[in-house]
Amino acid sequence: MADPGGGAVCSWNLHNHKKQSHSSQSRNCTKNGIVKEGQQNGKPHFYDKHIVESFEEAPLHAMVFTYMGYGIVTLFGYLRDFLRNWKIEKCNAATEREEQKDFVPLYQDFENFYTRNIYMRIRDNWNRPICSAPGPRFDVMERVSDDYNWMFRFTGRIIKDVINMGSYNFLGLADRYDESMKTIKDVLEVYGSGVASTRHEMGTLDKHKELEDLVAEFLNVEAAMVFGMGFATNSMNIPALVGKGCLILSDELNHTSLVLGARLSGATIRVFKHNNMQSLEKLLRDAVIYGQPRTRRAWKKILIMAEGIYSMEGSILHLPQIVALKKKYKAYLYIDEAHSIGAVGPTGRGVTEFFGIDPSDVDVLMGTFTKSFGASGGYIAGSKEIVDHLRVHSHSAAYATSMSPPIAEQIIRSMKLIMGLDGTTQGLRRLQQLAKNTRYFRQRLKEMGFIIYGNENSPIIPMLLYMPGKLAAFSRHMLEKKIGVVVVGFPATPLAEARARFCVSAAHTREMLDTVLEALDEMGDLLQLKYSRHRKSARPELYDETSFELDD
Amino acid sequence: MDIRRVKDYFSWLYYQYQIISCCAVLEPWERSMFNTILLTIFAMVVYTAYVFIPIHIRLAWEFFSKMCGYHSTISN
Chain A
1 MADPGGGAVC SWNLHNHKKQ SHSSQSRNCT KNGIVKEGQQ NGKPHFYDKH IVESFEEAPL
61 HAMVFTYMGY GIVTLFGYLR DFLRNWKIEK CNAATEREEQ KDFVPLYQDF ENFYTRNIYM
121 RIRDNWNRPI CSAPGPRFDV MERVSDDYNW MFRFTGRIIK DVINMGSYNF LGLADRYDES
181 MKTIKDVLEV YGSGVASTRH EMGTLDKHKE LEDLVAEFLN VEAAMVFGMG FATNSMNIPA
241 LVGKGCLILS DELNHTSLVL GARLSGATIR VFKHNNMQSL EKLLRDAVIY GQPRTRRAWK
301 KILIMAEGIY SMEGSILHLP QIVALKKKYK AYLYIDEAHS IGAVGPTGRG VTEFFGIDPS
361 DVDVLMGTFT KSFGASGGYI AGSKEIVDHL RVHSHSAAYA TSMSPPIAEQ IIRSMKLIMG
421 LDGTTQGLRR LQQLAKNTRY FRQRLKEMGF IIYGNENSPI IPMLLYMPGK LAAFSRHMLE
481 KKIGVVVVGF PATPLAEARA RFCVSAAHTR EMLDTVLEAL DEMGDLLQLK YSRHRKSARP
541 ELYDETSFEL DD
Chain B
1 MDIRRVKDYF SWLYYQYQII SCCAVLEPWE RSMFNTILLT IFAMVVYTAY VFIPIHIRLA
61 WEFFSKMCGY HSTISN
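Chain order of the listed sequences is A and B. The first sequence runs 1 to 552 under full-length UniProt numbering. The second sequence runs 1 to 76 under full-length UniProt numbering.
Warning: the hint list may mix true and false statements.
Over 12 Å on every C-beta distance to chain A, these chain B residues come out as not near it, computed from the model [said to hold, decoys possible]:
1. Asp2
2. Lys7
3. Ile19
4. Arg31
5. Val46
6. Ile53
7. His56
8. Ile57
With a Cα cut of at most 30 Å, we get these calculated DSS-like pairs of lysine-lysine [stated by the list, open to error]:
9. Lys326/A / Lys301/A
10. Lys384/A / Lys328/A
11. Lys326/A / Lys282/A
12. Lys7/B / Lys530/A
13. Lys244/A / Lys300/A
14. Lys282/A / Lys301/A
15. Lys482/A / Lys7/B
16. Lys481/A / Lys7/B
17. Lys301/A / Lys327/A
Because the hints were derived from the structure by calculation, they are not lab data. All C-beta atoms, glycine included, are put in the ideal place defined by N, C-alpha and C.
Model the full structure from these sequences, guided by the hints.
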């Protein structure tokens, strides 16, 4: 459904696929598959879910000015490189040694040019050291630079009580010590802090077994395995699942850990357009029809890799359609729920619960404990055969130190809180508060007229800024107002689409969000950031009929 | 009061120019260099417009009026 205002707003009902261009058989498959699941689960109301995602296009003047700004900084970059090359100016960047000047140049490509000349000028907006727990408010260490961001020094002052809109703290569980964390202290007393061994040798503790059973129960799957590091969970386990002669179909905006794992495995990788089921179906059909490149043999395995919530776009995966495609073409599905576990779904079980899909339909469920559980590490869950295979063949299990016991206890504690096993309703309250905060924040930002990407239920909210000058000014002004935001530019996003990314948390109160929204309103007017064409008017809407009953 | 509002508006406009053209992230000497070059080009454009536009308009007017005048003498 294209919006006449020039943006792209797509809203679709799950059981009404007339707009899709699948073949009729696929449509029947989709309909039958989803409706049947719904009746089995007994939760049919999720299928009437009306999903709204918006990726509005930028106005033309914003794009022109963005490219113009990059052009000017590039010209000055060439000038400064010239001055550095001819030793008129001291070079602070990395260069080759004198003896290597005749070799192939190392620092002449665009990435290094960009780092030296554009990133360095606005580098003070990233990597800011903090000195407290990353709760809803935190303390930032103040630092200044005397030579335009080449070297920083700390002034010694600490900026206290900065509102935290950047940490992945969806349920507010990453906070300082309080009485409910007493079990972590006990575990620290009994087990110590280090494990000093790998899973295969002597690093498997009973805490790990308890945690793995709890994760399997939480996700409603047969078995799970936990690892010490979230990035390593992806990059070290995908090579254990696929190898040469297999095909990986991965979304174009997948995280680096998935890309690294796919490349390490040696399988053939093909990329489909972001969240685009037609592109994925075309690739699947070509793979099944033509097989491997030269020999035309069938692929050993076809693995579709996608994420639950994409962290730079805020979009949620179209899970029902991918599951339908996977069943039709007999492929396997690997979902990275790093940002969606504990954040979406009525009881926080992730995208499978959000759409009402049976978790056993997804072959490999992966997630991390960093975002919603306030710990570190990752897990892979699925059927018992897959998890047992990983226990034996995973590189992380064989070579990497296993998870530290106090961290495992923190995950156990937070998972029990979310599931309600500790006897209180605090977990459910936190989830509902997160959903409420997300909807409120997104709705207010849309009303103010900013361009926001992503699904309306995702707690990650990217706000488009476009120009590099505005990126720097925005971040600096917000820190002056004591609000900490994360801004993202190239190369994490496309060159012309720099954004500020907000992460709403259940620990944010309505007053904090209102403070932030007021500051954003002011910044939007000062820096002219309100690009959206769908700004609502200040006048209330007029209704045709009266909404109250008239007594006779 | 009005003078202050006008001055505020112009300083806001100058801030917008600085942000959009990335002068806000350049060092001071680069900023002055960029402003100088831009003002020079702008001054040259204004001078060219002042000197040449009246002459061009007069020539164009003569050309078209001669064509229309020729046409009207033919139709007589």
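Outcome of the hint check:
no.	hint	verdict
1	Asp2	holds (21 Å)
2	Lys7	holds (16 Å)
3	Ile19	violated (4 Å)
4	Arg31	violated (10 Å)
5	Val46	holds (21 Å)
6	Ile53	holds (27 Å)
7	His56	holds (29 Å)
8	Ile57	holds (31 Å)
9	Lys326/A / Lys301/A	holds (12 Å)
10	Lys384/A / Lys328/A	holds (24 Å)
11	Lys326/A / Lys282/A	holds (13 Å)
12	Lys7/B / Lys530/A	holds (24 Å)
13	Lys244/A / Lys300/A	holds (9 Å)
14	Lys282/A / Lys301/A	holds (17 Å)
15	Lys482/A / Lys7/B	holds (28 Å)
16	Lys481/A / Lys7/B	holds (25 Å)
17	Lys301/A / Lys327/A	holds (13 Å)
Consistency with the previously given hints fails for numbers 3, 4, ordered from lowest to highest.
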